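Asks: Next come the chains, spelled out residue by residue.
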Amino acid sequence: MTSLNTFGAIMTFAIEMETQIRDYYQSAGEAARAADADKRRLNFERVRRENVTEIKLEPIDGLSETDYALNLSDTSAAGQKAVEATAARFYTDTAPKINVREAQRALERAAKQHLQNAEA
Amino acid sequence: MVQKLQHYIGGAWVSSTSDQMTSVINPATCDVLAEVPVGTREDVDAAVNAAAAAFPEWRSTPILSRAQYMYRYKTLVEERFEDFVRVVVEENGKTRDEARGEVRRGIESIDFAIGLPNIAHGYKVEDISSGIDETAERQPLGVFTAITPFNFPMMVPLWFLPTAIVLGNTYVLKPSPQTPISAQLLYEVLDELDMPEGVVNLLHGGVDVSMAVMEHPKVVGVSFVGSSPVAKIVYETCGKHGKRVQAQGGAKNHIVVMPDADLSVSVKNIMGSSYGCAGQRCLAGSVVVAVGDIYEPLRDELVKQASALRVGYGLEETTQMGTVISHAARERIEKMISAGVAEGATPVLDGRNKSVEGFPEGSFVGPTILDGVTANMSVARDEIFGPVMSIIRAADFDEAVDILNSSRYGNSASIFTSSGKYAREFKYRVDAGNIGVNIGVAAATASFPFGGKKDSFFGDLHGQGPDALEFFTDRKIVIERWF
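As given, the protein sequences belong to chains A and B, one line each in that order. Quick note: the first sequence uses my numbering, first residue 36, plus one each step. Quick note: the second sequence uses my numbering, first residue 331, plus one each step.
So here's chain B without its partners, still in its complex pose:
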C-alpha cells in the first residue's frame, strides 16, 4: 500500500482538508513511492496559526535550550543517515554518494545552528551621551517559512529551519511535491524531540499553497530556492506583502579552463560539476569556456571522461550518474539539446534517448557535450538543469570574462588554472556569487553565506552563515537613562 503523506501541524500529523493528492514517483523505476496532498488555504492557515501560537513561549525559551533540541536532532539524523540517503536517492534519482554529500551538508547546517548561542549577540555602547547607554538587542521575529526545491530535498530545508528556530522563531516548511518524503522523514525525526507544539510545521502542496504562505499576514519571512522566474515572483509577492525574503533562483554557471590548467585533474573535477546530480544543481557547471589552444585537447578529454561515466539507478553504489527528476524534465532537456543542435552546435557526446538496462521507464539522460557553441545560442544562455555541457571557445582571458559577465545569471563561476594572477583577476572581475578556483562546485559550507547575483538571487541576505543570523533576527535599539 502506498504511503499517504500528511501535514505536521501543531505537533501532530494531520490530513489535508482536501482529499486531492499527487503521486511521488521514483524517477528510475517509476514506482509510486507515496501520495502527497495538494494542500489548501485552510491547511496553510492551520499551520501558520499553530506556528504563530507557539512563538511567544518558544521565543522565551533560552537559546541554549533551543540549541540543545538541535543537538539531539543532529544525533538522531546521524543515526538514520543511510535511511535519509536511501529516501533522497529513491525520490530524487541522484547517486548514493551524492545523497550522502547532501545529507552531510544538511547536518553541517544543524551543526551551525547548534553553535549559534556563541554568536547570536547584540551589542552595546555605554555613554552614547552623558549617562545614556545604547543597546542593539537581537530578537526573533515570528513565523518563517521555506519553499524548497526537488534537487536537494533534505539539505535545503536544513539550510533554514535549524537556524531559524534556534534563534527563537517558529517554522513552516513547504517542500517540493516531487520530493516530499525527505521532508517527511526530517519531521518524523523532529517529532521525536518533543519540542513545544507548533514550533515546527510541515505543509505539503503546490503553487496555491506557496502563494497562500507568502500572502499570509502572520508569516514574517520566506526563504525560497528554485528557478529564476519563480524566485522573482516570490520576491515580488513577499515585497508586496511586507515580508523578509531571500529567493535563490536558477543559474548558468561557466567554467573557464586556461591553457595552463592541469588537464587531467581539471576534467575529473569538471565531471563532478557538470554531471553530478545529473546536472540538476544550481552550482552545476554547464558552460565550459576553453581559452586559446587548450580547446581541442580539453574537448577530447571531456568527451573521454564523460563517455566513461556509468549511468544508472542511484541505489547501486557503482552508479556515477543517476536520473533527472521526471519524464517531463527529460523531454524538456532533450528538446533543449535539439534546439542547440538546430542552432549549430555539434553533439560530440549525445545523451538523448539514453536507456539503462533493467530500468526501461527511467528518466535517464546521458552525459551530453555540445561542441562549437557560441555565447548567443540558447544552450549557452538558458538554464537546462540537466547533464548538458556546452563548450565555447575564447581567444583569451579577457574574452572569457566578458562571456561570463554577459550572462543574466550570476550564481557560480569557476576557473581552472595554475596561474595565481589569472585566479586573482577572475575572483575580482567575475560577477557571480560563488567563485571556484580549481573547484567545479563552489558550494559554500554552512558557516558561509551561499552567494548568488543578478537573476540567480533576489533579496539582500543570502542563505546560511552570518547572513542567516541577520535574516532570522531583528535588532531592537534601546536607548536608556536612569535617574
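With the rest of the complex left out, here is chain A:
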C-alpha cells in the first residue's frame, strides 16, 4: 500500500503508525509516551468507526505513505525527535484532506502532540 487515497487508508495508516510508535517507546523504556501513542491509536480506531458517512465519502489525492516512513531503529533522543517530527508532518499534511470534522480534529490533536514531543 503506497497511496493514502481514502478516508480509511489514512485512518488505518494513522492507527498502524501509532501502534509502531507505542512499541518503539516501550522498547525505549518511555512508558508515558507509549501510553500516549496507545491512547491516540484507540482514538483513531473510534474515529474511523464512528465518522464514515457516505454523504461525504470522496477520493483523496496527493498523499503517499512512503513520505512518512519512521526510522524505528534509532531510540536515541535525536531518533525520537525524528520519529515525532515525521508523525507530526503526517498529521499536519492529512488533516486538511479529510472532510469530516471529528476526524480532522483527531488528526490535528495528534499533530500538535507529536510536534510538542519533537520540540521538547
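Simulated from the structure, these hints should not be mistaken for lab results. Wrong hints could be hidden among the right ones.
Here are the simulated lysine-lysine pairs, DSBU-like style, with alpha carbons at most 35 Å apart [stated by the list, open to error]:
1) B/K684 to A/K132
2) B/K783 to B/K598
3) A/K132 to B/K634
4) B/K634 to A/K91
5) A/K91 to B/K404
Quick caveat: nothing in here was measured; it's all calculated off a predicted structure.
Starting from the known structure of chain A, fit chain B onto it as the hints suggest.
Replies: For chain B alone, kept in the frame of chain A given last:
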C-alpha cells in the same frame, strides 16, 4: 469447508426442510463464501408461527426493557464493527470505507430504536364531551417482515428490525440470497442477547419464500427494498392479502450542475454519488444534467476525476471502487452501456471489459461516462445499477427541471450551485423524495424518513424516522366515561 447457513427460528439455528442450497460468491475473488438454503413454505410457516407465538409476551414487555435489548445490541455490534465491515465487503464487493459507512448507518438505526421510549406515545383529550375522555393508544400489531436487497446487506435490515421490535412487534427477516452472511452475523449477535424465543427470526430463500411471507395470514406488514418491478409486485401482493406495506423501488437519480457551481468540489462529490458502491445504490447519481456553458468543462473534469479512481478488491484500503455484485450484473451493465452507444451516446470513459490485476474472475466494471446523451435514450431512462454516468445538456434551469420530472422514478435528485434562488426552486419543483443541495448522496439519516416518489416507492409510510413509528404501530381509540 464452506459454511452452510441456517435459518434462525424460535431462538435456535435450524436447517431448512429442503436440502437445496445456492452459493454465496465473493464477487471479486469468485470464492464460494457460504451455501444458503433456498427455503420452503414450511420454513416460512415455522418462522412466522414462532414470531406470532412470541408476540403476546413480547408486547407486554415494557418498552424500556425492549429498548435495553437494543442498547446491548448496539454495544455488541460496535465491538464487532470491523467484522461486519469485512463480511459486507466480501459478499457485496464494495470498499471498506463504503462498508464502514453502511455499518455506521445501521448502528444509527439501532440508536434511533433505543430512543423510541421518548417518542412512542399516544395522546389524549379530556372532556371531548362533558365527562368523556378520548385517548389514542399506540399499540404494536404483530409479526412484521422485511425482504431486503444485496446492496446494503447490513444496513437495510437495521432500518426496520430494531424499530419494529422496540415498538413491541416480532420479526422475520428475509435477506437477499446473494448477501445473506451479513444477516447471519446480525442474528449471531442478536442470539447473544437472550431475547425471548421467537421475537426475531431469520429466514433464507428466494422468490418462493418471499411470496410465502407476503401471503402468510399471520404476517401483518412487509418492508421491502429492491427494484421497481418487484416493489410493485410486493405492494400489490401485500394489498391483496391485507397487509401494511412499504416497498422501496429503483431509481434514476439526476444531478443538475449549474454554471455557477464550484466545479472541482462538486465533481469530487459527484464521484462518490455516481461511483460509490460501484453505482449499486438507489441514491446513486446516474444522470448528470449540465446546464448551459458548464457542459464541456464539467465533462472534462468528470472524466479526469473518474479516470483516476482506483478500481480493485474492496478489502484493500486503497481501493476507491469495488465490484458489482455478480458476473450476471456485469454483463447486464455492459449490455446497457452498449445499448446507449448504439443509440448515439459517446463513451468518453469506457468501463467495459475492466480487468484488475490479481482478480481475473472479478465482477469489475470501470467508471463509465457517456457523453452526448439525450433524455429519450435508454441509458437516461432506465436504471442501470452500475458505475455508469450519462451526461445530458440542458439549455437552462427550467429545461433541467423538466428533464428530471419526466423520469418515471423519483427517488433522489441533487443540484450543485452557489445560487440560493436555484437551490430553493429545485427543492420546491423537483418531484423526488430525497433532495441534495451540493450533496450527491442525499441519504436520510435514521431519524428522518427515507423519501421516494413515483415508481421509486410504493406505499404511504416510508422507512425510518417518524414514518417508521407510524408504520409499526396502530392507534387504538378509546372513548371513556365513568359513572
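Asks: Please go over all the hints and tell whether each is borne out by the structure.
Replies: Against the structure, the hints:
Simply put, B/K684 and A/K132 have alpha-carbon atoms about 29 Å apart, close enough for the 35 Å limit, and the pair holds. Simply put, B/K783 and B/K598 have alpha-carbon atoms about 27 Å apart, close enough for the 35 Å limit, and the pair holds. Of the supplied pair hints, the one linking A/K132 and B/K634 holds, its CA atoms being roughly 19 Å apart against a limit of 35 Å. Between B/K634 and A/K91, the direct Cα distance comes to roughly 20 Å. Compliance with the 35 Å bound is thereby established for this hinted pair.
Taken as a hint, the A/K91 and B/K404 pair is honoured in the structure, with Cα atoms around 24 Å apart against an allowance of 35 Å.
Figure legend: structure checked against the earlier numbered hints; every hint is met.
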